[in-house]
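There are 2 protein chains.
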Amino acid sequence: MSRFLNSRYAELHPYVPGEQPKDRTYIKLNANESSVPPSPAVLEALSVPLINGMGRYEDPHCMDFRKAIAEVYHVTPEQVFVGNGSDEVLGFCFLTFFSGRSKICFPDITYGFYQVYADTFGVDAQVFALKPDFSIDVDAYVRTDRHVILANPNAPTGLCLPVSDIERILRANRDRLVVIDEAYVDYGNKSCAPLVEKYPNLIVVQTFSKSRNLAGARLGFAIASKEIIKDMNAIKFAFNPFNLSEMALAAGTAAVKDTAYLEKCVKQIVKTREYTVQTLRSLGFYILESHTNFIFVKHPVLFAGDYYRRLRENGILTRYYDEDRIRDYLRITIGTPEEMDEVLRVTKSILCAVA
Amino acid sequence: MSRFLNSRYAELHPYVPGEQPKDRTYIKLNANESSVPPSPAVLEALSVPLINGMGRYEDPHCMDFRKAIAEVYHVTPEQVFVGNGSDEVLGFCFLTFFSGRSKICFPDITYGFYQVYADTFGVDAQVFALKPDFSIDVDAYVRTDRHVILANPNAPTGLCLPVSDIERILRANRDRLVVIDEAYVDYGNKSCAPLVEKYPNLIVVQTFSKSRNLAGARLGFAIASKEIIKDMNAIKFAFNPFNLSEMALAAGTAAVKDTAYLEKCVKQIVKTREYTVQTLRSLGFYILESHTNFIFVKHPVLFAGDYYRRLRENGILTRYYDEDRIRDYLRITIGTPEEMDEVLRVTKSILCAVA
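Top line first, the protein sequences correspond to chains A and B. Okay, so the first sequence: first residue is 1 according to the UniProt record's numbering, each after it adds one. Okay, so the second sequence: first residue is 1 according to the UniProt record's numbering, each after it adds one.
So here's chain A without its partners, still in its complex pose:
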């Protein structure tokens, strides 16, 4: 580090994204990405006139994009905040509401970035342990007065909380914020977005990186009360008013309008997931009940770290966490049917070798 670095960051440990090795071509099942193209409407939206017109600044209020999201989620554009990926949206939540003074809480096993944000913005974070079955300990969040941030479904477990449990947390204390990170919600869970009218302390965050096949376009959004969204926009205008490019706005607007394509892609992933789970179970794997585009698996004989390495040697990347409580598990993204057939083929040969 340089001698100019803010001393508050001396001990900071930035988030480490999934590896992107370039030594060979891998089947990439380590970052919960999609191998499917985005909606054809995206390609159409990124037209020659749009690209040639990029000498102009885009609309910093992103109104067309916010209107399109609002229509799909049955809210008003004033209840929608849009960002450069849901990571930026979450970052703006921290900056706007928590930075330097607040107390928050989240599970011990969840998206690793929550702790990083807390460190970056000087927020006092407490973790509540997941129960032994990896479900969220709802009572802990009901009892505390801290602001809450929960991934629902959770990662890397893939498990989800029913909306009724989140309502219990919301009702327990209306003076603290509850941020629900719904990155994976489209793969079989119910969104809390319809609750923002009822609970002014709720912020629902979603992404275009999963079910809308647009990780590389960096698009995310929050739905909340219009007062909360106004605050987040005020901070955006005090940090980076033009946070979404003309290209991102066009891609996002086209993608969110194509609800039929979203449904088709989700249906395909769920079908592939169920088939993969069924086959792996028949091979002796224990698998948590996934509501996402990934599965979290362990095997009684095959150590997860070895499984990760053997898959990698065979050209398949997955994500292994060498951490307490979850080092027996491997997280595998659900790819195309062909990619998962290859995973199953390689897995069978690995199991034969260890048998």
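Derived by calculation from the structure, the hints in this document are not laboratory data. A portion of the hints provided could be inaccurate.
Said to hold, decoys possible - Computed cross-link-like contacts, DSBU-like style, restricted to lysine-lysine with a CA-CA straight-line distance of at most 30 angstroms:
hint, chain 1, residue 1, chain 2, residue 2
1, A, K198, A, K271
2, A, K67, B, K22
3, A, K348, A, K271
4, A, K257, B, K22
5, A, K264, A, K67
6, A, K103, A, K198
7, A, K22, B, K131
8, A, K131, A, K103
9, A, K230, B, K22
10, B, K67, A, K22
11, B, K298, A, K22
12, A, K22, B, K103
13, B, K131, B, K198
14, B, K298, B, K271
15, B, K190, B, K131
16, A, K267, A, K257
17, A, K226, A, K103
18, B, K298, B, K348
19, A, K190, A, K131
20, A, K198, A, K230
21, A, K230, A, K267
22, B, K103, A, K103
23, B, K226, B, K103
24, A, K257, A, K271
25, B, K198, A, K226
26, B, K298, B, K22
27, B, K257, B, K267
Stated by the list, open to error - In silico contact screen, one side only, chain A against chain B (beta carbon under 8 angstroms); selected entries:
hint, residue
28, Y15
29, Q20
30, V36
31, L46
32, G55
33, D87
34, E88
35, F97
36, S99
37, Q115
38, V116
39, D119
40, N213
We treat Cβ as the ideally placed atom computed from N, Cα and C, and that holds for glycine.
Go by the hints and put chain B onto chain A.
Relative to the frame of chain A, chain B by itself:
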């Protein structure tokens, strides 16, 4: 505001971008944008396979883009930080080095966002008045021990400091940072980028929004010592690791490599600027010596606020600052020759009416 807003922001005044009215079609000369398309290489780079592959995350280290910039500016990729517009790059400078503890200084008349950043990140900011001729008071920056942020050329004056004066400021105290915001440098000023080896306390910030005709793509970068860049990347990875989309990376890499197109566009703007200045001077205007893609003009008879309104009525948007010291001036972006001919035509008719 909501009752959840961080109390430190209760008095925050976000940056106000140039107006974007939609009541009619305007000649937009109010945001120092470009009416010229970006390099044709940008269109080529945003290919169908790239767009269809956006299910994948892009490289968060942005290495290809940083390599391309490094090559053009004769530095190493480790000396280059890239961001979602130079506003985000400046925001990361504040977050990484100044946030919550530092003292900085900048001119009373300059890019309005510096004060906004200072407010957002709790930084103690002092302004030093420009001299009566609007030149920067170099001695004030030599004397102070505060970190320095200077736009060079400055906005909205368009005036520039010679590199030798910036070296005096850099040498005066090597324990403080000097951030030089070179948004407009390509239109006739010398960059400080070659000095980063000599001065480890220098950060040079540039943008793709002006000379590269890509305001809508949100691309900016910083050049500094590799230690400083490492710090900025650490904070980026603790806030939003994937800050540039696959589309932005492709557009930026293609644009920066096309140095011939940049030179051609700059030459055209400078030529149009000189012709415009000459004609306006012949109409009695006083104009500061512009080294940018805009001019800052006043007239002995035509009040600047009136001039702004009359141009607007005639379909031409410019930027008027109703602020101390500069309310006699109007800032006019240099557009295409045709756009400037229209400005001159309308100006003549306005002058006839007031004569």
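For which of the previously enumerated hints does the structure constitute a violation, in increasing order of number? 1, 7, 11, 12, 21, 25, 37
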